[in-house]
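**Student:** Listed below, chain by chain, are the residues.
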Amino acid sequence: MMSNILEKTLGSVLSSTDQFAGLRVVYQKCLAARTKQEEEKLIKQLLETVKIRLANPSTRPLLAGHCLAFAVFVNLMGYNVDFAHIHAINLAQQTSYVEKKMGYVACCCLLNEKNELSLLLVNTLCRDLGSNNVAVVGLAISALCSAPIPRDAVPALLPALLDRLHHPKAYIRCRAVVAAHHLLRQHPDLCDLGSVVSLLGDEDPHVVHRLLSCLPDIIEKSPEAVSGLVHPLVAIQRQILNGKLPPDMTYRGLPAPWMQLSILKCLPELCLTEEEEFASREVLLETIKACSPKNVVISDPPIRAAINSRALAALLSLEEPNEASRLRIMHFAGTFMQSGNGDTKNEGLLLLESALVKYQIALTPEQLAIIKLSLEHEDISIRRRAFGLLSASATEKDVQNVCGQLFTQAVSPKTDEVLKQWLLEQALQLMDRYPVALTDDWKLSAVIKLMPLAEDIKIGKELMKNAKNILLKGCIKEETHVKMLTVLTMHSESKKAPTSLLKLYIWTLGNFPNKLSQGEALSRLLTLGNKLLSNAKTEKSTDELLLLTISSLRNVIDSGNFNSLDGLKDFLKEASEYSPMHMLEACELINSLPHLRQISSCLKDVDIDFSLGLLDKFVLKSIETQNGRIYQPQVATQILQSKTSSSPDLAHLLPVVLPQSPSPIMHLSQESFNTSDESSSAKSVCYYSQNLESACPETVKSNLWTKEGRLGHEADKSTSAEPLVKALGISGMKNLEGEPSASNEDPLGDLLS
Amino acid sequence: MIKAILVFNNHGKPRLSKFYQYFNEDMQQQIIKETFQLVSKRDDNVCNFLEGGSLIGGSDYKLIYRHYATLYFVFCVDSSESELGILDLIQVFVETLDKCFENVCELDLIFHVDKVHYILNELVMGGMVLETNMSEILTRIEEQNKLEKLEVSFLLSAVFDTSLGELNSG
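Residue numbers (my numbering), protein chains in the order written: chain P, 39 to 791; chain R, 14 to 183.
Just so you know, not all the hints are guaranteed correct.
Okay, derived cross-link-like pairs now, SDA-like style, lysine to any residue, Cα gap no bigger than 25 Å in a straight line [unchecked claim]: (1) R:Lys46 <-> P:Glu416; (2) R:Lys112 <-> R:Asp91; (3) R:Lys112 <-> P:His104; (4) P:Lys282 <-> R:Asn146; (5) R:Lys112 <-> P:Thr288; (6) P:Lys499 <-> P:Val525; (7) R:Lys128 <-> P:Ser169; (8) P:Lys79 <-> R:Pro27; (9) R:Lys26 <-> P:Glu86; (10) R:Lys46 <-> P:Val525; (11) P:Lys410 <-> P:Gln467; (12) R:Lys46 <-> P:Leu85; (13) P:Lys499 <-> P:Leu468; (14) P:Lys89 <-> R:Glu38; (15) P:Lys506 <-> P:Thr537; (16) P:Lys74 <-> R:Met147; (17) R:Lys26 <-> P:Asn150; (18) R:Lys31 <-> P:Lys499.
Here are some of the chain P residues that sit facing chain R, going by a computed Cβ distance under 10 Å [stated by the list, open to error]: (19) Gln83; (20) Leu182; (21) Cys252; (22) His415.
In silico negatives: residues of chain R with every beta carbon more than 12 Å from chain P [stated by the list, open to error]: (23) Leu51; (24) Lys54; (25) Tyr81; (26) Cys113; (27) Phe114; (28) Glu115; (29) Gly140; (30) Glu161.
These are computed hints drawn from the structure, not numbers from a lab.
Being a predicted model, the structure only gives us computed values, none of them experimental.
Heads up, the beta-carbon is just placed ideally off N, CA and C, and yes, glycines get one too.
Could you build all of it, start to finish, from the sequences and the hints given here?
**Tutor:** Put into structure tokens, the structure is as follows:
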């Protein structure tokens, strides 16, 4: 007869086993859910149960471990299990190995860097790193690499970890090296692993192997710690090739292949002297000889080809180009390329590409045939390698042909976005490599063809920039320009034009209006602009195009290539009403329109550079240093107002658009578009009138600019500048006189506050 | 360096995921989905390498994968790793799983997700290859299993002794 206690205890132990069997049923139920909704509902219910079970203090740690395993499983499926984090940490803090192990696994799977609870793990890790139990130390080191460790905790953990580098057990030393390397990669400024390099002489080759894996990063971060390591590495490689390592390090007939790969990677980077290079070359040749198969068979482990390939690549970087090395590398590249194994073929193509870059050699007909076949290979990775090879072997004579092939592949619907981007980059690099071999006309044509393909990828901007640069160079033939415009016009008239081509079209019309007949550029821009406006109501993406159109219109008007401005005001008004973003641009243009002609006609007899180009550098300086605002042509109104009142010849001036409200954004009023008398227009300037009244025509005239600088000879510049500042409201004008403006002073504050 | 190790079935359901670089949970799910889309459309007779998806790092990283029956094993690595070397490493991982679970299948990865992590931790740690010798890995796993069994039997016997003690005293 058993006591109640025993019955209950055994019962609970048995029931935990049953619950594990019950958990298996739970897993099966989750997998058997027919729909996502069913799965979600079931898992949420189960997670509630798990949550309650974990929160119950009487739950046995073993059962808690099973619950956490379930939490890890559902977390993998994308469900939130934040409630389990603290229980994972609690479990990791247990003294039992089984519980600690599950706790650490759960912490590594569930916690992340942003989680504040990860700090709680640090003390546990420190304690476990110093444990006498080898298994627990191993657990702690593994968790250190996988669990999110706060940066502040690294200095606390590092000494304990580095101490484990001298642990009597090789198993721990191996792990400690990898963990130290992990911390070095995460926090290079906090870790100095120069002392780790001494483990290269460790008695256990597994520890040496681990250290070799970390060596490339140590070479990069602490190069002084690894000087003089070439001869030890060469000696280790020779020991490997001579079979001196334990038999358990042999894999598929190859002695310590991963260790060899690590050594072969590091050797070229460490060689500093000729003697070291010579020693390295010798051992590389021995490696190639030892690992070369007599025939490449499909069943050969891939790692054999990997060792050969890496040894050849290392030799390539150490040797001067000579016939023997060229023949050697071509032989191996050819052998790999003929392999029926796709992976080895891929490696062969990679090797050949490296050789071509170094040697600039001509390919044999057999190799060319293989490459040609590989271009049409069903495997996209092989095709990519073949294109890389083609690109590397391109010469001035066939660069156009190669680019054409790259374009054809990029255009193919089978090509994914990543490969498309790469192909276009290769083509652009080739075009840069042989700028003379390709005419600007050809390049422009190629770029225009490619632009629609590259709209969604970052190289699209590069292509646009290329096109603009070619056009601005001005070296293309006239007929090419005409053809380009024809093509772009066709696209602009189509129902669904690529945005990049539309942008180029609008830009070209704005920058080269003289390539078309007088007024044609303006007319086309207006047509396109109106079309964009009608589309803008349904498509948001036209905002940028509209802004570009307005900017191009400005350029066309600046160039004077127009007959009449009919339709322009309506378009600009509509554009400005469409969105506040366009309002400013459109208003700027509207306000400048009458002034440009009026100023031109008023001042045609005066030798004045009314474009105010002289001011540009001051304005720019002001914008950069004083947070000034750009010059706005609406203030030209005020000059004309003052000139109109003094000069009867200008009384017939067209009404100008005037700001009606004190807000920074101008509002266009209906009256301003009607022909009204200047008095009503003048009244609308009352907002600024207090400053204008002080600006008499003589003062203004005496302070006007010429090509040589300001007029205003006898007038005191400090006093004459002041009314000019107030009248023109040009930002930063005070700085011209050497008066520093306060950093928080708005130069236009008196006009726009 | 290995950036991530993913195992998913032919329908894209993840069975193991280990990221050695921080990604938030949503991003992890998207990476798994994107990797599945890239890998699943490849034939069995093509090579086992392809460029990384845009979410995981783009062309700076490679996906090296192997397809075994219903499962894809995918290692996402940077350029410092040898592609062919990683391919063999996947083979070592799968063979180790096979030895530990005796003809491993997808359900083993589901029911024993913690054990799969223990095995993986013996192979790769912090994104670096830790051990490539299958015998060595199996020895470690066996030692850990013995330790666990010892602890469980100790626990059971402690409970039994305590209960017997109470029984005798009662």
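**Student:** All hints, please: hold or fail.
**Tutor:** To see whether the hints hold, each was checked on the structure:
For the given pair, Lys46 of chain R sits about 24 Å from Glu416 of chain P by alpha-carbon distance, which is consistent with the 25 Å threshold. In summary, the hint linking Lys112 of chain R to Asp91 of chain R is not supported, as the alpha carbons are separated by about 29 Å, beyond the 25 Å threshold. For the hint linking Lys112 of chain R to His104 of chain P, the alpha-carbon distance of about 23 Å falls within 25 Å, and the restraint holds. At roughly 17 Å between alpha-carbon atoms, Lys282 of chain P and Asn146 of chain R fall within 25 Å of each other, so this suggested pair holds.
A threshold of 25 Å between alpha carbons decides the hint, and for Lys112 of chain R with Thr288 of chain P the separation of about 19 Å falls inside it, so the pair holds. Restraint check for Lys499 of chain P and Val525 of chain P: the C-alpha separation of about 20 Å stays at or below 25 Å, so the hint holds. For the proposed pair Lys128 of chain R and Ser169 of chain P, the alpha carbon gap of about 23 Å is at most 25 Å, so the pair holds. Simply put, Lys79 of chain P and Pro27 of chain R have alpha-carbon atoms about 19 Å apart, close enough for the 25 Å limit, and the pair holds.
A threshold of 25 Å between alpha carbons decides the hint, and for Lys26 of chain R with Glu86 of chain P the separation of about 23 Å falls inside it, so the pair holds. Restraint check for Lys46 of chain R and Val525 of chain P: the C-alpha separation of about 41 Å exceeds 25 Å, so the hint is violated. This hinted pair checks out: Lys410 of chain P and Gln467 of chain P have alpha carbons roughly 21 Å apart, not beyond 25 Å. Restraint check for Lys46 of chain R and Leu85 of chain P: the C-alpha separation of about 24 Å stays at or below 25 Å, so the hint holds.
At most 25 Å may separate the alpha-carbon atoms for a hinted pair to count; Lys499 of chain P and Leu468 of chain P meet this at roughly 18 Å. Proposed proximity of Lys89 of chain P and Glu38 of chain R is supported: the alpha carbons are some 20 Å apart, at most 25 Å. Taken as a hint, the Lys506 of chain P and Thr537 of chain P pair is honoured in the structure, with Cα atoms around 15 Å apart against an allowance of 25 Å. With a CA separation close to 38 Å, the supplied pair Lys74 of chain P and Met147 of chain R exceeds the 25 Å bound.
For the hint linking Lys26 of chain R to Asn150 of chain P, the alpha-carbon distance of about 22 Å falls within 25 Å, and the restraint holds. With a CA separation close to 36 Å, the supplied pair Lys31 of chain R and Lys499 of chain P exceeds the 25 Å bound. Taking 10 Å as the C-beta cut-off, the interface hint given for Gln83 of chain P is violated, the closest approach to chain R being about 19 Å. Nearest Cβ of chain R to the Cβ of Leu182 of chain P: about 8 Å, under the 10 Å cut. The hint holds.
Residue-level restraint check for Cys252 of chain P holds (minimum Cβ-Cβ distance to chain R is 7 Å; threshold 10 Å). Given the 10 Å rule on beta carbons, the hint for His415 of chain P holds: about 8 Å separates it from the nearest Cβ of chain R. Distance check for Leu51 of chain R against chain P: the nearest CB is about 8 Å away, which does not clear 12 Å, and the non-interface claim fails. Not every beta carbon of chain P lies more than 12 Å from that of Lys54 of chain R, the smallest distance being close to 10 Å; the non-interface claim is violated.
Even its closest Cβ contact with chain P, about 16 Å, leaves Tyr81 of chain R beyond 12 Å, as expected for a residue assigned away from the interface. At the 12 Å boundary, the C-beta of Cys113 of chain R stays outside the reach of chain P, the nearest C-beta of that chain being 15 Å off. The claim that Phe114 of chain R is not at the interface with chain P holds, since no C-beta of that chain comes within 12 Å of its own (minimum 15 Å). Residue-level check passed: Glu115 of chain R sits 17 Å from the nearest beta carbon of chain P, beyond 12 Å.
The non-interface label for Gly140 of chain R is inconsistent with chain P: the shortest C-beta to C-beta separation is roughly 7 Å, within 12 Å. Listed as outside the interface, Glu161 of chain R is inconsistent with that label: its C-beta sits roughly 5 Å from the nearest C-beta of chain P, within the 12 Å cut-off.
In summary, the numbered hints that this structure violates are 2, 10, 16, 18, 19, 23, 24, 29, 30.
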